[in-house]
Structure formats: C-alpha cells, structure tokens
Amino acid sequence: MTEKFHYDNKIVRNFAIATIIWGIVGMTVGLLIAMQLFTPSLNMGSQYTTFGRIRPLHTNAVIFAFVGNAIFMGVYYSLQRLLKARMFSDVLSYIHFWGWQLIIVATAITLPLGFTTSHEYAEMEWPIDIGITLIWVVFGINMFGTIIKRREKHMYVAIWFYIATFVTVAVLHIVNSIELPISAFKSYYVYAGVQDALVQWWYGHNAVAFFLTTPYLGMMYYFLPKMAERPVYSYKLSILHFWSLIFIYIWAGPHHLLYTSLPGWVQSLSVVFSVMLIAPSWGGMINGLLTLRGAWDKVREDPRLKFMVVGITAYGMATFEGPMLAFKQINAIAHYTDWIVAHVHVGALGWNGFLTFGILYWLIPRIYSTELYSKKLASFHFWIGTLGIIFYAVPLYFAGFTQGLMWKEFTPEGVLRYPNFLETVIQIIPMYMLRALGGALYLTGVIVMTYNLIKTMKAGKLVANEAAEAQPLPAVYVPQGSDKKVHRFLERKPMLFLVLSLIVILIGGMVEMMPTFTIKSNIPTISSVKPYTPLELQGRDIYIREGCVNCHSQMIRPFRSETERYGEYSKGGEFVYDHPFLWGSKRTGPDLQREGGKYGNAWHYNHLYDPQTMSPGSIMPPYEWLINQQLDTTTTRSKISAMRSLGVPYPEGFESKANTKLDAQAKGIAADLKQNNIKVKSDREIIAIIAYLQRLGTDIKAK
Amino acid sequence: MNMIYLLIGFSILLALIFLIAFFWASRSGQNDDLYTPAVRMLFDDELTPEQEEKSDEDHA
Chain A
0 MTEKFHYDNK IVRNFAIATI IWGIVGMTVG LLIAMQLFTP SLNMGSQYTT
50 FGRIRPLHTN AVIFAFVGNA IFMGVYYSLQ RLLKARMFSD VLSYIHFWGW
100 QLIIVATAIT LPLGFTTSHE YAEMEWPIDI GITLIWVVFG INMFGTIIKR
150 REKHMYVAIW FYIATFVTVA VLHIVNSIEL PISAFKSYYV YAGVQDALVQ
200 WWYGHNAVAF FLTTPYLGMM YYFLPKMAER PVYSYKLSIL HFWSLIFIYI
250 WAGPHHLLYT SLPGWVQSLS VVFSVMLIAP SWGGMINGLL TLRGAWDKVR
300 EDPRLKFMVV GITAYGMATF EGPMLAFKQI NAIAHYTDWI VAHVHVGALG
350 WNGFLTFGIL YWLIPRIYST ELYSKKLASF HFWIGTLGII FYAVPLYFAG
400 FTQGLMWKEF TPEGVLRYPN FLETVIQIIP MYMLRALGGA LYLTGVIVMT
450 YNLIKTMKAG KLVANEAAEA QPLPAVYVPQ GSDKKVHRFL ERKPMLFLVL
500 SLIVILIGGM VEMMPTFTIK SNIPTISSVK PYTPLELQGR DIYIREGCVN
550 CHSQMIRPFR SETERYGEYS KGGEFVYDHP FLWGSKRTGP DLQREGGKYG
600 NAWHYNHLYD PQTMSPGSIM PPYEWLINQQ LDTTTTRSKI SAMRSLGVPY
650 PEGFESKANT KLDAQAKGIA ADLKQNNIKV KSDREIIAII AYLQRLGTDI
700 KAK
Chain B
0 MNMIYLLIGF SILLALIFLI AFFWASRSGQ NDDLYTPAVR MLFDDELTPE
50 QEEKSDEDHA
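Sequence lines, in order, name chains A and B.
Per numbering that gives the first Met the number 0, the first sequence runs over residues 0 to 702.
Per numbering that gives the first Met the number 0, the second sequence runs over residues 0 to 59.
Treat the hints with care, since some could be wrong.
As the list claims (entries may be wrong) - Okay, the calculated beta carbon distance ranges per label pair: (1) A/Ala183 / B/Gly8: 33 to 39 Å; (2) A/Arg491 / B/Ile16: 53 to 59 Å; (3) B/Phe17 / A/Asn419: 47 to 53 Å; (4) B/Phe22 / A/Ile277: 20 to 26 Å; (5) A/Pro126 / B/Phe22: 49 to 55 Å; (6) B/Phe22 / A/Ile518: 50 to 56 Å.
Unchecked claim - A few chain A positions that, by computed beta-carbon distances, are all more than 12 Å from chain B: (7) Val510; (8) Pro514; (9) Thr532.
Derived from the structure by calculation, the hints contain no laboratory data.
Virtual Cβ for every residue (Gly too), placed ideally from N, Cα, C.
With the hints as extra help, turn the sequences into a complete structure.
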C-alpha cells in the first residue's frame, strides 16, 4: 500500500553551497563599500570599483545570491518532506539551480560595467530581468508540480508562505521590469517621475516582504519545530497572521516616500498600513518563540536554536522599528540617514542571516548523515555574529540621529548651523569605522561557519537520494469534522490557494497605483517644465551609469531646513519626463535636485575630477575617466525616439537634429570651461554630465 | 485630497468585512481541531537503509 520514493538532497546541497559562497562574496563587497566611506582611496581609482557601481553589487548579491539560494535550499528541503513527495522534476531542479547562478554571475559582471536601471534591488538590465522571469517560472512549475503530486493532503503553513512568495515575487518583478530596451544593456522604464517612484517602492518594500520575510517565515515554520522537536504554538495564529500579513504588507511601500512629491493620500495610507503591519509580523515572531515553550533548556545547549531565537527576535525588532520609522514625524528625521541602513541590517543580519546559519548547521549534517564537526565553533560563530550585528547597528543609529538632527539645526539668528553638508559627514566617520568593524566580525563568523561545514561534509557522505515511504493519497477523500471547515478546505486546494493569495496581494497595489496613474490632479502639470536636451539626456544616463543616485538624492522635502539648504522643495510636476526617477534614498552626499546654476561649470569639472580639491575631506571618489572617455553619441537617436514613445514630447523628426544640438550645447560648455583655464574637448563625457547637473531644478523659478 | 472621504469609507467597509469573516469563521467550528496541523509535520517517515519498519518518531 505504501509507496517508496526518495527525497532529492543533491539539489539542497547545491543550493546550500551556493548560499555559503555568495554569502561570503556579498558580505565581502559589503565590507569593502563600508570601508570606502571612510577610506575613499579604496575606490581604487577605477570606474569598475567605485561605490556607486558596486554598492548595488553588494545589495543584489546578499539579497538574490545569498538569501535567494538560501530560500531555494530551505524550500527544496522542506517542501519535499512536508508533501512526502520528491521534487516534481529533477531536470527543472537542475535548470533552476544553474539558471539562478547564471543570473547572479551576469549581474556580477554587468553592474560594475555600469549597466544599471537604477531601481534599487532591481538594477539588473532587461536581458537579466527576462532570465529571472524564466527561472522563476521554472521554480514555480517545479514547486506546484510537487504540490500537485503530494502524498500529504493538507498543506502545512510553511507551504502557504511559499505559495504567497512565489506569486507575489512574480507580480512584483514583472511590474517593476516593464522597460523599453534601447540597446543590448540599456533600457528606460515606461513609468516616469512620481509614478516610477511609486512602482519602485511598491516593489522595493514588497521585495523585503515577499523575498526576505515570507519565505523565511515559511522556513521558520518548518525548521524551528524540527530543531526543537516541538509543534508550532498556534495553528489559529498562523492562519490569522498569514492572510493579514500578505494583505497589509503590500500597502506599506510608499512609506519610503514620505514628505516627497508623492500624493499625500498615498503617503498616509502607507503609514496607516505600516503601523497595522506590527500585528501580523509579531504574530509570526510570537508563533516562533512560543514554539519553544518547554524547550528553552535546549536553546542553552544548541547553537542552532540560539541562531533561531536571536533571528526571530531580530525579526520582531525590525518589524517594530519599521512601523515606527513609518510615522511621518520620525521619518522626517530618519529618511536619507544611516538610521535606515541600520534598520535594514538588523533585519538582514539578524533575521535573514541568522536563520540561514541555523538552518545550514541543522541541515548539512543531516543530509551528509553525520554530526556537526564542531559545536564549539558554531557557538563562537553565534557570539561573534551577534556582536557583529550590535557593532553594525548601534553606531549607525548614532550616525543617523546625529546627521539627521545636524541637517535640521538652526542658530538662534535663524540660519542653518551646519550650512556645509560635508561637516555633517565628517562628524559621523568614526561611526562608519565601527560599522565596518561590525561587518567584519559578522563576516568572520560566516567564514568560521564555512570551515565548520566543510569539515562536516568531509566527515560524512552525502545521502543524495534519501529513502522515504508514504501512503499515496486516497482516490476519494471524505472530510471529517474540522476538515470540512473553510481554511482546512483551502489547505487541500493549492491552485485555489494560489489564486486567492494573488487576489489578496493585488488589492493594495491597485488601490495605491491606479488613481496615481489615472487621476491627473495627483501630479499637477507645470508648464515651464520641458524635456531634457539631447546632451542633458546623455549626461543623465552617465549619472545613472556611475550610480550617483546611491549617494545623492534629488528630492527636496518641504521643511525649512531643506529649503534653506537646497532651494524650493520638489514638486511632482517637475519629474514628468524622468524615465527613470532619480529621487534617491540616501544622502551620503547632498541633495542635487536644484543643483543647476549653483556652481559654475569649472567647479563641477574640478569636483568630478577630484572632489577633495573643491571639498577638502570629501569621501566622494574621483571620476577622472569622465574626462578621458568620449561620449557615445551613436545612441542619441534611439534614446530620443524611445523617450518620445514613452510620452516625452520631443517634436517629430527631432532625433535627426539631436546630435547637432548636442554638439552645439557641448561646445558652449567647453568654451566656458576654456575661459576658466580648463582645456577639454567638447566630445567628452564630462561635458554631458555637467550639462545635466546644470539643468537640475532650473525649470521652475522660486519666488 | 477629497479622495480621503472615499478611502476612509472604503477602509471601514473592508475592516468590517474582515471582522464579520473572523466571527463567522470562529463560530463555524474551525477551531475544533487545532492540534493536527502543528504535529503532523513532526512525524517523518524517513527510512535509513538499515530500517525496514516505518518509524513514527523523528530522530534528532
């Protein structure tokens, strides 16, 4: 009567190894960029290693390569055992694994080359976006195929989270990748300005929700009970917090855009829903921690459980801090500062990192049919990792408060106390050093773990196909008692579950995006705002390529401290031709939205060539290659016609004259530079980016 | 900004729907068996090559 089959452990092992390798790579890049902030010479004078180009390498590596592979490791291990079925297709598993690694390698190559869309955590250009879609579909077929051929009728809570993850990431990725390609590795988003900002942060926050949270909640629900040999605390709570989490989370995205030109009603909605989100998030934490009722003595002895406990607690901390940061009054101080970076890393290092480590320490010995090589080393990793998180977050809290408050301070006479932005940066450099120490400690722990796990794998032997036995599903299923009830019914219906989850997660996005896109009064038109000139457009693309948006914002908030420092606050109508938007999310350097006309062309030339000459003590890297590299004007034509098809009102036939206009404007700037004793040919890239910077914010005249 | 009247109304309506759904769900006996889903996953039927019979205790 029972069927004999085997679980595929080889694919789990493959994803585990990938997780560890990319974890080390991603965190090493993180350490490098952290150090670049107090030792700018670590930008190494090369365009391929500047902070602006490799910060996205760090974020994408830790999110998609480290966490991504960890998710697949956890899902492939737990899904098979919860469903008592081998993965649907070994071929699909193979394609999924290698396809995902290929995507990572493609990202690692293209990002330093400057091929970027500029959307945070989605910087990969369009060919890679297509690759992600294909591999995600492969993953989905493999996952749902396994669910359909399962031998366990009811889906356990972990699987609900995996389903929600799958469907939501698919939606998020597709909507945030609607780009018009203009060449092999360059595209423009179809959205512009305010709308682009909304799409990006609906995506960005929900990447946190459905890539960094829901799959990990699923893994928590599987691995923690297994480790502790205890059932999950509350089935009721899991139902309640699952549906409320996936419904509420989607609405929170715009809390990344508080006090910007995003319409006020969307901002307010996101604040309310962000605060409501505390409940379902803490539901997850409570369900996890209370599972350890009666088993706390095991935590004392077992490093794996220590990782899980601190990880889940960090989840609770981050999901309390997040909603607090979503309050407008607090956000007013925190936005653009390192407080946000600290918040991210409490969640990333604590929740994602520690859960991954706990699972690795539990899973590797099991599939290698042996014991962990050294419990002592695992314990050491736990303590040094925890210390690392503390040294990471606490200095950055100081840095965030300090800088945020310095930006806002006025003298009794009513002028800015710190009118020079650089002064606020220099103040927090010691904090950056401590943060780098924290990161180094954390990375050390990961390396110790790697050694421990390699020794473990060498001592054991991989059980590539683990024998198992289970009854097949009955031909006819007659539900008894509680099985007739709604949610228990749903747990037997994976496809219905998928559709319902899809509907639930679509609601928030539709309510926030549809009116913003269709009701014109949300983005009042400003008649004096005109499209960029061809030269400025090229310069803008250089700005995107160099990753300037990683350190500089272009969004002045309606606070007196900002209008005094930067000029008139930013209006939604100023960004209507910005494909993509470049509002930024961090001010490592000053806001640039009204940079136009503040300094002469010569100042910008000298500053880009070597920032320290114009701003002594600056941590900005030099951009010497912009002076040596010739501007590629062969793309002007396709850029103009692409923009026109996206709704920017360039006149018909403009692309034929575009390069002529470009040359004329470039020659004008070169001539002006010559007046200031700077000899540079007008066909260099630096001319284009100066043109762009000088245009910023000049379309409207403040009173 | 007048949108807010519609949104508040809609949100209250939505919240009410969820509240009603919750009360209906709890009253309709969904909570009779709260035990099975949590413990079901703890019992694995993993076989080692030596073992013939099905084990119903997970091995640490």
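Of the hints given before, which are not true for this structure? As far as the earlier hints go, 1, 2, 6, 7, 8 are violated by this structure, in ascending order.
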